[in-house]
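Can you make the complete structure from the sequences, with help from the hints?
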Amino acid sequence: MSTLEVSPVESQPGQPSKPVVNDFSIQIATVNGSGSQTANSVLMRSLFQMGIPVSGKNMFPSNIAGLPTWFTIRASKYGYIGRRKEIDILVAMNAETAREDVMKLDGGAAVIYDGPLKLNELRSDLHFFPIPFDKLVAPVCPNAKLRKLVRNMIYDGVVARLLSIDMEEVYKALVKQFGERKAKAVDLNWGAAKAGFEFAAGTFADGVPYRAERMNSTAGKIIIDGNAACALGAMFAGVTVVTWYPITPSSSLVESLIGYAKRFRHDPDTGKATYAIVQAEDELASIGMALGAGWAGARSMTATAGPGISLMSEFIGLGYYAEVPTVVFDVERVGPSTGLPTRTQQGDLITTALLSHGDTRHPLFFPCSPEECFSMSIEAFDFAEKFQTPVFVMTDLDLGMNNWMADPFPYPEKPINRGKILTAEDLDRLGGFARYKDVDGDGVGWRTLPGTHHPKAACFTRGSGHNEKAQYTEREDDYINNMDRLVHKFEVMRQHVPEPVVSLAEKARIGFVAWGTSDYAVRESCDQLKAEYGIEASYLRLRAYPFTGHLLDFIRRHERVYVVDQNRDGQLLGLMRLELDVELIAKLRSLRYYGGLPLDARTVTDHIIAQEGK
Amino acid sequence: MSATVTPPPKKVNHIGLEVLQYKGGKTTLCAGCGHNSISERIIESFYELGIDPYTVAKFSGIGCSSKSPAYFLGLSHGFNAVHGRMPAIATGALLANRTLMGIGLSGDGDTASIGIGQFMHLIRRNMPMIYIIEDNGVYGLTKGQFSATADLGSTLKSGTPNNLPPFDCCALAMKWGATFVARSFSGDKKQLNAILKTAIAHRGLSVIDVISPCVTFNDHEGSTKSYAYVKEHEEVLQELDFVPSFEDITVDIPEGEVMDVLMHDGSHLRIRKLQRDFDPTDRFKALVALEEAEAKGEILTGVLYLNTAKPTFLELLDLTDEPVATLPEARVRPSRTVLDQVMDELR
Ligand SMILES: Cc1ncc(C[n+]2csc(CCOP(=O)(O)OP(=O)(O)O)c2C)c(N)n1
Ligand code: SF4
Ligand SMILES: [Mg+2]
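These protein sequence lines map, in sequence, to chains A and B. For the first sequence, our numbering gives the first residue as 1, with consecutive numbering after it. For the second sequence, our numbering gives the first residue as 1001, with consecutive numbering after it.
Worth flagging that the hints you see were computed from the coordinates, not collected in a lab. Everything numeric in this text was worked out from a predicted model, so none of it was measured. Possibly wrong hints are sitting among the right ones.
Simulated pairs of lysine-lysine, DSS-like, Cα-Cα distance not exceeding 25 Å [what the hints assert, rightly or not]:
| hint | chain 1 | residue 1 | chain 2 | residue 2 |
| --- | --- | --- | --- | --- |
| 1 | A | Lys-135 | A | Lys-148 |
| 2 | B | Lys-1011 | A | Lys-456 |
| 3 | B | Lys-1026 | A | Lys-456 |
| 4 | B | Lys-1010 | A | Lys-456 |
| 5 | B | Lys-1310 | A | Lys-272 |
| 6 | A | Lys-437 | B | Lys-1026 |
| 7 | A | Lys-469 | B | Lys-1026 |
| 8 | A | Lys-420 | A | Lys-456 |
| 9 | B | Lys-1285 | B | Lys-1296 |
| 10 | A | Lys-85 | A | Lys-104 |
Set out below in structure tokens:
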């Protein structure tokens, strides 16, 4: 077992003789429910604490225990935190997938594995590091029941040794993971990490051709998942009614919010809650409750994923037509139907933009990072009340559930904007109001809240035809006037949605348009295209729907524009087709990925090269 | 000079409002529709109890019945939701503003078919509001198809008999944990008035199933929801007297004959038993009575069940006393220090 099984490094063709510093990816293959999450987070955090930009991506099954799971950690001194397809170091803990995992590796990669799996027999062009996990865990974890969990920490120690990760940082990360109060858990896991480290130190003379070295790119940064960032945004936006029905990958958004609200949203004097969070019976109810609350003046929200969006359709039409504010978080996953519930996709774009029957159109916000999850969530609540309509914050499983490095969130400086609400005093002054009359020219009428103590305050909200005074009508002119005002309101929203982020390359003939988490792959691909092929590409990242004039200008400037979609049918391109002129549409090309994993730069680059013929 | 003519003093309730101020728009339902009588009873009971219409919020689903909130309490806000999903809208609104008094209007189609799930969960939560089912055994608005409350063997106008058993929304409501359950008949003014007043005084959810004949699609011979059939088969359980908190109890009735229920707001419901030994605080017996009545083809009306002790959902949530909807920014946006603390924890 303790035999050295490292294949010769120097003789590998194309292998760098000097180790690659701070540019590698580690994949840990386990089964879910085996408690590897702690070990994975600690490993990622250790690199982060050394100042190296990192990202962690969890590829997990829709199952509670026993199916394969992969966790990938990417360290990049260049700051690339998108997914990278190539794996440099594999930690093979899952007997079931080990063979396939090993066969997929590029030559020269390192494999840390459970000794009895004998993976070294599979290939001769890899570096193999067999570890006797069971033998090492027994002495450091006397309680046999805990061994399954603690065992994982051994690979942290091995990896730390092979990559020269400072063990001091591993310890600090463990304390962070468990908190100061769980000293026993820290000790137990630390013992296992040390055992792995010492075993590797005493057994493997050569390391791997990769090295972690301290740098200074993460100082002050935080690590957070997008769902928690959205939850914090909602809390600081002053959300007061939250309704939801559990569904992956959105559940942890509300669960984070429950945690934060319990700590920070109870009245200091009475201890009473300044919010209500209600687990509804289904999404038909959760959206109804959110709309009822928005109608009664609350800042309301719900969070869901594709299947829930489908169920919410009819109510969203009511919200649009009766003009009721609420915020819907859609953390997208792979559809259709149950699809791949634990994989990522941008599959709800068209459905959501046009959700419900009849002529409907909804504003969508597209955060791509935790920072934007926070700031755009706050903005979404203001926007919903300002424009009296449901607003969707679209994220995906990759952003929502994976841990990301981020800059600390700035405190919201803008005061909360509750939109156009008339009080009893206003009504005294005005002598009355017409709920759906466009008095300000922005398409948005003034509303009164139920409970307003005034004889002119009452108003009957309905999804059936209504005139300016909210009275029932089936008249052709009333219907058309109202629908045209709604179009006008949408046009005004266009001036107020978050603007795209544009980066123009000097001599670029081609450009990219993308949204959300495609950002990381596209930005890295722009660099690859330039460095490897001498191709310049501009890039516009959409941050909202409706589209703004920036998009039109961007398309005009370029010969061809690649529209990046993480879905099969090119939904963003489809949505653009609905709105753009033919000569602009003619310039658009579709770049699609829909395998359920986060988009990676190489996929984008390869596609461009195939199309651009270099 | 000529003497000034003083108009006769207007009749007002104890908060100084006339009955006119409790009315709504002109009904667009068929003449003779039971739903219109229910609207009248709502106007009457809210007026008589002097409920501040500005604090009331009206909710409904979709159907002829669900249109009726437009025809009463015109000074109150209303929200006509989607088919079968009024409970969600009402729940959200009451979470946002717990000081509102909610009244929901639904039909038997709206409640017992498409909306049965939300109806169950509204009951389970004991959301403090009034929930009225205007029960005619058919879908009025879509022109006369059977609903899930149609009795076995009851026929459509075409003569087609219903071959599925009915849901008894009252029995189901009791089973699911409702705290006030009553059944009435749109033609029984006095009983419905007392039941509505009790519902207004009740602090939890009130489920009131009112048999409300559809004169256009379900009032023929062969229908078990026609005026004639209901009049003939109704078994009135009790004589009800509602004594509001602002009135003294004057009527002296000998002990033992009358059950006096003290409501949460200080008013009293005085129940005089008729015919049978029926105790509306005993859920099990009430369920048995409903089963027996069904077997005999009788329609029991009156207060079926009343429980004034169970906490409401709003109480369980431990919300601030003021509506959360309109709390000022300082109370809903945590401080800069809180954000700093959270950021520190994430480093
Ligand atoms: C989602 C949906 N499905 C179907 C309908 C059509 N629809 C309108 S009212 C109604 C039935 C109403 O019956 P009920 O609730 O008993 O009310 P009534 O008209 O009898 O008072 C139906 C099926 C609808 N409006 N929405
Ligand atoms: S169709 Fe029936 S339920 Fe509808 S208004 Fe007419 S009588 Fe009433
Ligand atoms: Mg009906």
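Verification of the supplied hints:
{"no.": "1", "hint": "A:Lys-135 with A:Lys-148", "result": "holds (12 Å)"}
{"no.": "2", "hint": "B:Lys-1011 with A:Lys-456", "result": "holds (22 Å)"}
{"no.": "3", "hint": "B:Lys-1026 with A:Lys-456", "result": "holds (18 Å)"}
{"no.": "4", "hint": "B:Lys-1010 with A:Lys-456", "result": "holds (21 Å)"}
{"no.": "5", "hint": "B:Lys-1310 with A:Lys-272", "result": "holds (20 Å)"}
{"no.": "6", "hint": "A:Lys-437 with B:Lys-1026", "result": "holds (23 Å)"}
{"no.": "7", "hint": "A:Lys-469 with B:Lys-1026", "result": "holds (16 Å)"}
{"no.": "8", "hint": "A:Lys-420 with A:Lys-456", "result": "holds (16 Å)"}
{"no.": "9", "hint": "B:Lys-1285 with B:Lys-1296", "result": "holds (16 Å)"}
{"no.": "10", "hint": "A:Lys-85 with A:Lys-104", "result": "holds (10 Å)"}
In summary, the structure agrees with every hint in the numbered list given earlier.
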